[in-house]
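**Student:** Below are the chains, spelled out letter by letter.
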Amino acid sequence: MADPTHHFQARPSALRRSESAIFWLFRGATYLVLLCGAVVFLNIFIKGLSTVFQTKAPFVNTTFLTEAPESLYVFEWQGKKMEMGDKEFRVFKERNPAAANVKSESYVYCAGGIFPCIVGTVLLVIGSMTIALTLGVCAAVYLNEYARDGTFIRFVRLAILNLAGVPSIVFGLFGYGMFVIFFGWNTSLLAGWFTLAFMVLPVVITASEESLKAVPKGFREGSLALGATKWQTIRKNVLPYALPGILTSSILGIARVAGETAPIMFTAASVLRTQLPWQGLTRWTDFFFQGVMALPYHIYVVSAKIPQNEYTERVQYGTAFVFLFIVALTAAASIVLRTRLRNRYKW
Amino acid sequence: MASPAPADSAHFIAHKGKFRLFGLTLDTCIKVFFGGNAVVSIIVLALITIFLFREGAGFFGQNRQNLKVYREAGLEYVDFIRAQQDDHTALTRYLSDLRLRQFQHFTQHQHLTPAAANAALAGFDEFAGQYGDAVEPLRTLVSDLTEQATAIKERFTVMEDRKTERAQLLAAGKAQAAAEVGITPVDFVAELKPILGTLPAYREASADLAKRLAGIVAAAPAMPTPELQARLDRFRQLTAEYLAGFPAVARNLETWDYRRPVPATQEFSAFLFGREWVTASFWQDWYGVIPLVAGSLMVSLVALVLAVPLGVGAAIYVNQIASPWEQRLIKPCIEFISAVPSVVLGFFGIAVLGQTLRALSQQTWLAWVPGFPYSERLNILTAGCLLALLAVPTIFTLAEDALNNVPRSFKEASFALGATRLQTVMRIIVPASLSGIISAVLLGFGRVIGETMVVLLCAGNRIAIPDFTAGLAVITQPVHTMTGIIAQEMGEVVQGSIHYRALFVVGILLFFLSLAINYAAQHIVRRYRISIG
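First to last, the sequence lines map onto chains A and B. Its first residue numbered 1, the first sequence is counted upward by one per residue in this note's numbering. Its first residue numbered 1, the second sequence is counted upward by one per residue in this note's numbering.
Excised from the complex, chain B in its bound form:
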């Protein structure tokens, strides 16, 4: 605190307090200056929030418009039928998988030559071919409708562009030029008429498909083994379920109305719970964050599963077990690892680790590991391993601090009661510092989920929700992550477009996720700290 001298004080401090700025003494000025610097971190945090929202907030309005056009231009209508077609495609994929299994059975167990095996499969191939061709009328219908709907959407977008053009001209004060920009509003009723008029044609195609599929499936050839026969039965069942869904599709088409308003919550839910992230598509762009969140979480999970035992184990070893010279050696080395730039690790993943892990997965003696062998070089596992190396120093340093904070008396008391070293470590020291260790793990999680370069380079960058039905083998699939998508697409988007804003919203999500993790870590430390004294 500044202590301005009283006016009648001795001469030797007379020079103090002469200087005045806005009525403040020099010392107070200096204090205010330093205080101002301390506020910078609050200001930066506020600025981050403000600017993320400034660029990102417009997304939801644009997304609403996006969804509205999807409905009004009839794209939604076409997608009902397209979904039906896509389900059929999924079933044909099941059939080709079944063919592969039969082929393997013939060549490996019955020792037929590939040519003979193919000959044995001729009946099945005919069946599969018929099954696949049955959807042809429906497919023709869908592709016609796609063209029409795209044309409507195109017209609408052109009109929207002209509207902005006119608004810009008006803003620039060129009323004359603005009036010349021709705008004819899209008449959705008239435009949609031909699309809606195809309903009888759809009914016919659908009924035809149902009849043909039922006939084809009934005449399916028999399978060589009971196991494959069970799969075929499952296929029959799936087809029956598929056929049972037809009336629902027809109902959807009948009751569909382009005027039905898009609910206000949908612009948020379509983002937060959307299962597709499709951009720059000719048909319809979707900004659903679920695939990215799932990718980020999967990669972080793998990284933590590897990093937590290693990091905490190393911390326990260095703090409790290692000799002093080992301590002096290991601690700087692990700190040194934390200085490795993430882009170098990512490069290492691309250049070395990806191939090495894939080669390892193709060893026969490792075939029992779920997901092995795999062919995608860059996947969750590769990125997870590298991120683990990034997270270990964080977890190690913080966990070691937590172990260090356990008072010596705890340890001494435990020894005095006759406990062994292991008992002391596992039952006294670790539980006493558990809150610190958990917060170390949480902060490691925060470090991993916010990491960009490693996942951008090594996670495979396929935008899809990982297929969790594969069990543990899911870790060998490529994914895309929240951080990766920002880094990858930010450089290519048009400033102010919906895509650009969507990336900022992903950034907002990341920002608040990291704040939440930080808060949880601090809360755990404060709440569950063992009182020492």
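Isolated chain A, as found in the complex:
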């Protein structure tokens, strides 16, 4: 055996070699996962960039971000190949009477933009998160502040755990059966709100409860000792300290709500609505009872329900890019805020 330079220095041995080999295996698994995630992100970001951004000023493709989807018309005009959206093509035909009968091929959804989808997704998220946060925070307050262990609470917790595991498509079926058919709301914003809210409820409750738990017991005891009622204690001494945590953790819920397609497929999403949700309403209540376009559903429609051709890829990647960008932004915000918050309150 070689003389070691130091008695406690590690000597290379078969055991040590196999140890480091196995550790490298684990390391490889970890980085493989990250690599796969990065490939998906980069693929969509790089290919989506060309749709959403352009080399000429104003550098952002404003048509894509601010207009409704249209059909794309491709035709030959004076020896040049022209591509035009529906509206532009009509104007073009009026200006050039000779073009009235020009032979053109049309591709659905390949021109115009995705503004109604963005609006629809935002509306869906705002409405369903409002419902889910109201219900979820109140439920968490009860579970953490009022409840004592017992059969009832065990049932509630069991229900929350099980609700978290129900597949999203089952929520879709449930929403369809209850809101769309039984309540007669048809495919509507309201039906989508409730379906999504119930789906995200377990996430919100769990996040809220954790934030409430993080508030030290001393805060409550001090308040109660000064003669405040339970409700005064909760309102003045517990909720204000828990609320930032509740909101940041709930942002993950937002990412989930925005990302789900299956629950809104039959409850809220329409394939095409050129009017924005606030246009053309006869009564203000109609606002809640209309279907909306949504980004995830639009991705599904353009990538699986319409015939594929060279022009669809642009709108597919563009939509996926915008969607992923929004979701990633919320998720990143949640993660960053949470780390910040952890460092802010120390008790």
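Careful: at least some of the hints might be erroneous.
[Unchecked claim] Derived DSSO-like pairs: lysine-lysine, alpha-carbon spacing no greater than 30 Å straight-line:
| id | chain 1 | residue 1 | chain 2 | residue 2 |
| --- | --- | --- | --- | --- |
| 1 | A | Lys213 | B | Lys331 |
| 2 | A | Lys47 | B | Lys331 |
| 3 | A | Lys87 | A | Lys56 |
Just so you know, the hints here were simulated from the structure itself, not pulled from any lab data.
Since the structure of chain A is provided, determine the placement of chain B on it from the hints.
**Tutor:** For chain B alone, kept in the frame of chain A given last:
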């Protein structure tokens, strides 16, 4: 708890407890309000159950009716003969496979030109042609019978529709109009007579087929190699078995009776164990869930095989081996992956991964992998890979939590006894948190089997039980899944139809499957947790 002040208490708390609603103090009211919100999750769970059953429960009655019509209109009778014809078709497919193999042998090993190889196969082609044509009389019979049976079924359906129409008119109070709806009940005895009358013709056709096939097979040409000769012998054997089945078919036809009742259990068993999901067919609709369950399970299995080592491995690495800065970097990144919407992943599968994997499968140096090369771009493998990426964050987060819960003292004790880091991780930490890891895997399974968009976009959407005889190559076949079929067909069905209800029953199945998985995960954690202390 509310603590209402006694009536004669000091002034400074006098404002408490003044407010009363139904005899409750303000604090109790607030408590009840919060409690009510907590009950919401129980209510939602109950509502899901109620509404799934409300829409789906009618399926079984309708399925029974469906099966009854199948029998009474003579469709079942015709299907006995059709099965015989279909078996013959399967045998001719075996022959064309044999031809392909011979052709490959001639061109690749004997280096014949394709034209010369075709010429060498002329004898075989004649044999195969004769074999294929032998079934012609039977086929004519089947197509005649099909028309007759379809006509009976059509008449029956029209009468059923009229019955509903009359019922609706009566419900609307229009007795006059209701009486005008003519209903002549279908006389199955008379209607079925011509179908049953073809039995002698069938006997003749069947006997003729048996004689001709036996003659043709006996005169089969010799094969160029022993390996192919063995296949031909196998074909002879299969034909003999096929011919041996003829008397059973004849017996079935003789004893068949349209009045035989459909057993009450069949409406359930036809759904749960049915091997076919055929909808909107002119002949007969089948709602058998087995192809969908098999598809869902296969996709989940592939996803888990990929995701479990990666997810658990990453969890062990991050929790036990990685340096603190790596931990701080990797954990948010994996959480970030979990935020990728499934529809985006599905789109990625269609746009990129499908082609990439197929191109990879056609590389010669990967030909040893079972199932490679394949031509279907969207299949179990594509969907499984993407679902694995979805399942990894779930498994990782939960498994990491479980590893984190192992007390520090376990680790310290192990080190103190002189164990290396690897020994500590593999023999102390992982076994101590095994229950948590298993439940993490189960919850990952629940996440994968309930996932809709990825499988809808990437699993290939072919409704058939995967061919398990292909061995591991089964993973390159397209399938359809429980979640996918709901998402795909729900938008197209008529509300209240049997198809619509069948989709809800699939939803019920999924719902209870997810509850069972959840229960198992919780049970394992509770039952096998190592007591710490």
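**Student:** Each hint: holds or not?
**Tutor:** Structure-based check of all given hints:
no., hint, verdict
1, A:Lys213 - B:Lys331, "holds, 23 Å"
2, A:Lys47 - B:Lys331, "holds, 27 Å"
3, A:Lys87 - A:Lys56, "holds, 22 Å"
When the structure is compared with the earlier hints, no violation turns up for any of them.
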